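When you get a sec, could you build the whole thing from the sequences and use the hints?
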Amino acid sequence: MSTYKQSKCIIIFSGFNPRAVVAFLRTIRKHNVKYAIIAKSKEDAIFLTDYNNKVFSVRKTTELDLDDIITAIRKVQNRIVADQYVIAPTSEALNRFVLNNRDVFRKYCCDISLVDKDLYVLISDKFSFSRLCLKNNITVPEEQKFSYNMQLPVVAKPKKYFSEKEGTSLSPYIIKSVSDLECFVNKNRIEEYYFQEYVDGRSLYLLYYFTKNGRIYKHSQENLVQQADGKSMIYAVASDFHFSEESHKYEAMLKKLNFHGLIMVEVKQRNGKSYMIEANPRFWGPSQLFVDAGHNLFEVWLQDNGFLQTPIDFKQNRNDSKYFWFGGLLQNYRKGKKLTFHAANEINLMNKLPSLLKHDVYRRPDTMQVFIKELSDGY
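At position 35 of the sequence shown the residue is numbered 35 (the working numbering), and the sequence of numbers has no breaks.
Hint data in this document are derived by calculation from the structure and do not stem from the laboratory.
Keep in mind that this is a model prediction, so the values were computed, not measured.
Ideal placement from N, C-alpha and C gives every residue a C-beta, glycine not left out.
Just so you know, nobody snuck in bad clues.
The list that follows gives simulated cross-link-like pairs (lysine-lysine, DSS-like), each with its CA atoms no further than 25 Å apart: (1) Lys145 to Lys165; (2) Lys145 to Lys268; (3) Lys160 to Lys256; (4) Lys231 to Lys358; (5) Lys338 to Lys358.
Distance ranges between label pairs, derived from CB positions: (6) Asn348 to Ser7: 45 to 55 Å; (7) Met350 to Lys107: 48 to 58 Å; (8) Gln151 to Lys212: 39 to 49 Å; (9) Ile372 to Asn345: 25 to 35 Å; (10) Lys212 to Ser177: 45 to 55 Å; (11) Ile372 to Gly272: 37 to 47 Å; (12) Asn348 to Ser244: 21 to 31 Å; (13) Ile347 to Asp116: 46 to 56 Å; (14) Lys335 to Tyr108: 36 to 46 Å.
In structure tokens, the structure reads:
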């Protein structure tokens, strides 16, 4: 008796979290997986890449409008016929949007490879995940009650991803001075934030994929240079932190929650003590590092979602792998801001610059035009 094999296609929304999207596209092209791209706009940098021939639809608005998104998906479906369309979990806003409208997307044979909405929000919202970690004996930065006399520096973190009043997404603020504090108070609703001490020191990412059948794949990186104000990572190296006892705490906690999928946990280390900063159950910017390191979590995602049949082997780890984003460095300097150095300094960075360019996320044949564009005026 013949067995019917269901056909699948990946839908990728580009324009947000672009470096992670590129790393993902490199992986799926390597495995000849069926996919289509929906561009953010006609100005989307994806059109400067070798993947532009896979853009089958362009959104009419950069806002997440349900009718616009469904129209874009229908255009993809007119070009690629499949039984199921899996939406790649590329960005936080997209993930929450699809989860909020999951029943609608399923009517169009689409789903996103994520846990249910409640569990996703529990982990992704900074306040609830911080409380969850405390219950599981994971250290978090000391919390402070808001006051104009707070001991600075502190980080103001949104309790929820969306503002309950405006409905817009909220971001953390690093408050280092009284003037920073005054600026924050003038622009934000204090009740939507909580305040933690700012932890200086080593910056590490624990990177996981929890499969639906309970297996854990993992990697880690140490972040050396970051854009100002807690923005994107510029320079990072492979680490062995995922073999630590600290990593085992997160693995046990997330497994107990029956979590599955991709997740990054940011950890800071001060005087040898680890502090949980935040978690992101989605794609993250420096993903090219784990791809280059031979611990390709995107391949696990492909296998777990039925796109690959070959077993994934993480034995060949390249510990000398580096991640570098020269465009992010230029972007930071053009804004007149100081870089954040976690385990490096500016002289050290400049001395290493020629060798680091070999690892640049965009200075590669498939994305060279993006690299050139960022040299001229940035994206």
